[in-house]
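Peer 1: The residues making up each chain are set out below.
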Amino acid sequence: MSKRPPNELESRLHKAILSTPNKEMTAKDTETIISEPNARERALNFLLGVGLIKTLVDSNRRVSFRAVTKGELVATKDLNGEENLVFSHIKAAGSEGIWTKHLKTKTNLHQTIIDRSLKTLTQKRLVKRVPSVQHPTRKIYMLEGLEPSISLTGGPWYTDNELDTEFIQHLTEVCYKFVRDTTFPKRKEGGGEGVLYAISNPPRYPTAQDIRSSLKKAKLTETELSVEHVEMLLNVLILDGKIEKLPAFGTSMWDSIANDEPESDSDIEEKQRKKRKSKSVDDKSHSKKRKKRNESESEESSSSEDESRIKRRRKRRKDDDETESEPESATLKRKKKKKKVEIESDSSDAMTDGEPKKKKRKKLGVLSPSDASSSEEDEVPRRKRKYLGRSPSPFLSRFGDETDGSVYRAIKEEHLSLGWSEAPCTLCPSFDFCKGGGPVNPKDCVYYGEWLAAASLNAIEDQE
Amino acid sequence: MADVNLARLCTEIVHVHFGSLAAQVVSVLLTRGRLSLPQILRYTQLKPRIARASILALVQHNLLWHAQSDEGTEVFEFNVDECLMRLRFGKFVHMAQQLFGKAGAELVQSILDHGKLRSPDILRLLGVHDSKSITVHRGVMHKLVSENYLKPSTVLSHVSPADKQIKYEGEEKAKISGFPTAKELKQAKQVAEARMRREEEEAGKAGLKPKATNHAVHRARKRKLEETDEIVDNTIYFRVNFDKFNIHIRNTLIVRAARNRYNEEAASVLRAILHLTESWQRNVAEVRSEPVSVPNLVVKLANEDNLARGLVLAVKKPSNTTCIKEYLGMLSCGDNPTAVGKAASFISLNSSKVQVEFDVIGRRLRRHVLESVTRERHGNEGVRILRLLMDTGKMDDKQISKVVMMAGKDVRALLTALATDSLISTQEVPKSADRNPTRTFYLWYVDQHKAFSTILGQVYKSLYNISVRQRAEREIPEVKAVLEKKERSDVRQDEGLLTRLEREIAQEWEGKLGKLVALEMRVEETLFILKDLGVLGIDDD
Chain A
1 MSKRPPNELE SRLHKAILST PNKEMTAKDT ETIISEPNAR ERALNFLLGV GLIKTLVDSN
61 RRVSFRAVTK GELVATKDLN GEENLVFSHI KAAGSEGIWT KHLKTKTNLH QTIIDRSLKT
121 LTQKRLVKRV PSVQHPTRKI YMLEGLEPSI SLTGGPWYTD NELDTEFIQH LTEVCYKFVR
181 DTTFPKRKEG GGEGVLYAIS NPPRYPTAQD IRSSLKKAKL TETELSVEHV EMLLNVLILD
241 GKIEKLPAFG TSMWDSIAND EPESDSDIEE KQRKKRKSKS VDDKSHSKKR KKRNESESEE
301 SSSSEDESRI KRRRKRRKDD DETESEPESA TLKRKKKKKK VEIESDSSDA MTDGEPKKKK
361 RKKLGVLSPS DASSSEEDEV PRRKRKYLGR SPSPFLSRFG DETDGSVYRA IKEEHLSLGW
421 SEAPCTLCPS FDFCKGGGPV NPKDCVYYGE WLAAASLNAI EDQE
Chain B
1 MADVNLARLC TEIVHVHFGS LAAQVVSVLL TRGRLSLPQI LRYTQLKPRI ARASILALVQ
61 HNLLWHAQSD EGTEVFEFNV DECLMRLRFG KFVHMAQQLF GKAGAELVQS ILDHGKLRSP
121 DILRLLGVHD SKSITVHRGV MHKLVSENYL KPSTVLSHVS PADKQIKYEG EEKAKISGFP
181 TAKELKQAKQ VAEARMRREE EEAGKAGLKP KATNHAVHRA RKRKLEETDE IVDNTIYFRV
241 NFDKFNIHIR NTLIVRAARN RYNEEAASVL RAILHLTESW QRNVAEVRSE PVSVPNLVVK
301 LANEDNLARG LVLAVKKPSN TTCIKEYLGM LSCGDNPTAV GKAASFISLN SSKVQVEFDV
361 IGRRLRRHVL ESVTRERHGN EGVRILRLLM DTGKMDDKQI SKVVMMAGKD VRALLTALAT
421 DSLISTQEVP KSADRNPTRT FYLWYVDQHK AFSTILGQVY KSLYNISVRQ RAEREIPEVK
481 AVLEKKERSD VRQDEGLLTR LEREIAQEWE GKLGKLVALE MRVEETLFIL KDLGVLGIDD
541 D
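As they're listed, the protein sequences go chains A and B.
When we follow full-length UniProt numbering, the leftmost residue of the first sequence carries the number 1, and every step to the right adds one.
When we follow full-length UniProt numbering, the leftmost residue of the second sequence carries the number 1, and every step to the right adds one.
None of these hints come from the bench; they were simulated from the model.
Just to be clear, a hint being listed does not mean it is correct.
Reference listing, derived: stretches of chain B covered by chain A, where coverage requires no fewer than 3 residues with Cβ under 8 Å from a Cβ of chain A [to be verified]: (1) 340-347; (2) 372-384; (3) 461-471; (4) 512-522.
Cβ atoms here follow ideal geometry from the backbone N, Cα and C, with glycine treated the same way.
If we strip away everything but chain A, and leave its shape as in the complex, we get:
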C-alpha cells in the first residue's frame, strides 16, 4: 500500500463525496466527476486503500461510496483491529451509547480486551463514559463529541442524574394554581364562597399548551418544557385528585343537550308511564311509541315558548363568543350547524337507555369539523394526536382525531371526613398486637388516654 498523499484527481473526488449531504455517492455519480474510466478506477482504488472512502452496498445491490474525513482517519489510523472494532460499534450506537455487556456480545471479544481497548480509546479522547438515569450501574460508552440522548439523561426532570422532586413539586403547584384560577370565578366577577361557573357559561379552560405557554411566560425555569412534559405534570395532578381532564367539546355538547328538552310537564308524566310499560313489553310497542313521540315533538318545537328559549340561549352564546374574541363568521357558522344537528337528533328517540351516548357521538361527528376551524386552537390537535391514542378512554381515542384535545379543570375534592381517622387506633403502631387482656389492650391504652385528655373533637360540619 503506497503511502503517498492523494493526487489532485483523487482529492477532488474525495471532496466531492464529502460535500454531499450524507457523505455518500453512488458509483454512477462518480462518473460525473472523473469521466475517464481507468483514472476513476485508479483513484477509487487508491482512496479505498488509504481508507478515505468506504464501499457500501444497499439493498438493491448498488454500490456507493462513503467518504471519511481526514481527521477521522487520523484518529482511527493508529488503532489496532480490536480497538477499531470496538470503536465502530460505539460509533454505531450514536447518542444512545452502548453498554459494555452489549459491546462484548456484539464484538465477541474477551472482556479484558474490551476493557483495554476502551481504556485506550478513552485516553485518546475518542469515546467517553456516560451515566444513565435508568441504569445507574451500567457502563455506557459513546463518542466523545456527542450529547447524551434524553433516555440517558432522563429529560428535564433530572438534575445530576437524580429525579429533581422539588423542581417537579414546584412546577406542579404552579400548574395547579393556574388551572384553579381559571376554573373558579374571581371575586370581582361576582364569585364568592363556593360560587361556580355555570355549565353553560364556562370559562375558557386551559389546554396543556396554554399551561405550557403560561409557565414559559412566568419564567420559572431555564429548562425547556415540551407539551409532553406539561402533560406529565398534569397527570400527576389528576392522580392527586386536584384537577380533571375533560374533552374540549364537552361544554358545547352540554349546550346542545340542554337545548333539546322543551317538554311540558304532563307530557313527561305520560312518557314516564309509557317507559315503564315499555320496559316490560316487547319491541313493537317501542316503535309505536317512537312514532308517537315524533309527532308530539314536532308540535312542541313550533311552540313559542321553545323558540324564545332558543333565542335567549343564542344571545347568550353570542355574548360569550365576543368575550373570547373569536372571529364572528366562524361562530355564526358553528351556530348554524349546531342548530341543524339539534333538529336532526330531535327526531331520534331519546328514550332508550343506550341512546344518549349514541346521540352524543352523532352530534360530535358533525360538530367537530366546525369546532376545529375555530382559529387559534387549530394546530393543537395535530400535535396532540399521538397522545390521544394513549388515552384510556375508548371514547376519546375514537374521536381523538376530530376534537381539539382535552382541557383541564380544577375540582374540589369531595373528600368526606373519615370518622375512623379520628380514632387513635388508625395510626396505632401496635394495633395488631392490641387484644383484650394482652400487654397492649384497649382498657388502659395510653393513646386513648392521651386522646381523651387532648382537645375536643372537630365539630361535625352538618347534621340533617
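With chain A held as given, fit chain B onto it using these hints.
Peer 2: Chain B alone, transformed into the frame defined by chain A:
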C-alpha cells in the same frame, strides 16, 4: 361466620346492651357456630334458667335465628347484621324525631328498647292515656307503618335467610332432570331468590288491615279515603325497618359529598331529588332512584330563591329553572362524556328525567374511604400510587415511578409499605417456566376485595376498642362510686348532695363519654360506607 374482630365487637355490643350473661351466650355462638340449647349450656356453663332467659331476650330483640339441625333439634344462630345495627339506634331515634316529631321518636325508641311490640303495648308502655295524644300516636304509628319505617315481625324474620335460600335452591334443583347445566343452576338460584323476595314482600304487607266498618259503604269515596281505610293491626308485632332508616343515612352522606364537591346550592338540588324519590327507596342496595322529571323538581324547589347565588351565569337575573338545569348539568357531569366523567357523576340526566345514581356514588364513597385511609398512613404520595393503580390496573414499579414522577427508590419503599397494609397486592408473572424469582415480573395492583375487607376488620376492631374503653372508663372505682351515688333517688332530686370533687369527676366522665360516643358514631359512619354500601359494586372484579 364472623371473623375474630367482628365476633368480639358483637359480643361487646351485646355486653353493653344486655349484660355479661347474654354476652357469654353470644360469644359461644359466634365462636362455635350454631348451637342447640344443651350445647350452649355446656359451653357457657350457665344455669339453664339463666341461659334460657338470655336466649329469650336475644330472640325478642331479633338477634337470634332459629334453625333446624340435621338431627331435628332446634339450634340458634347469631344475627350479626342486626347486632351491628344496634350501634345506630341513637341515630334512628334522632331521625324519627326529625321526620315524625316527638311522638315518632317515642314510638321508635320504645320499639327499639323492646325488640318488637304490638301497637297497644307501645301506648301502654309510653303511658299515653288521654285521648288526644292517643290519636296523635296512632296517626304517627300509621304513618310509620305505611311508609315502611316499621315492619311486621313474622316467623319469616326469625329464620336465617341463608338457610331458606339453600332450601329453596335445593327444591328448585330437585326439579331439574338429569345432569344440571350451569345455566340451570343459575336459574334455580334466581328462582329461589325471587321466591324469597316475594315472601318478604307479602310479610311486609301484613301490618295494615282494612277498617272493618268502612268495608261495604261508599265505593266511590273509597279512593279518596284510601289512606284512612286501613288501620294498624293491633295483633301484629312490629319491629323497626332498618333499611328505611339506612336510606336516610345514605342520602345525608350523598348530599354532603355533593356539597363538598360543588356547593351548597347544588347540594340542595340533589337533596330535593332525593326527597322526591324517598318513598320509593326501599333499601341501600338499589342501583338508582326512580326518575324525577325536571318540571317536578322545579316545582319542588320553587321556594328556593337563592339558587342563583352559587353560579356565575351570563344572564343577569336567571330564573330558577335555568339555575336548576345548570346544577343538574354539573351533578351529571354533562360536559364530560368520558368514562371518568361518568364515574364522577351524582345523577344521570335522560332527556328531561333525573335519576340519582346510587351505585356510582356508593362506589365512589367507598373509594374515598380507601383513599383517606391511604392518605392517613402513607401521605399524598401513597394516594397518588393507589389512584394510579386503581385507574390503570396492574403496573410494574418502574412504570409507576415514571408516571407518578417520584424516584424509584421512594416508590419501592412506598409500594411495600402499602402492600403490608393490604392496600395493594402483587401479581407475579414469571418470565420462564421455572418461576425463578429473579426472572419474574412483579406487577402491583389494587385488590379491592382484600383491601376493603382488611379495612373493615380494622374498623370492627376500632369500634370494639372504643366500646371497651368506654366501659373501662366507667369502671374506674372513683367514677363508678360517683355514678352510683348520682343514681340514688335523693341525689337525683338534689344535685347539691354531691361534693365538689364528685361533681368534677362526674363532669369529667361525661366529657369523656361524649367524646367516645361521638367517635363511635363517626367510625360507625365509615362502617356504613364500607359494609352497607358495600353491597354495590362488589361483584365486578
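Peer 1: Hint numbers the structure violates, sorted upward?
Peer 2: none
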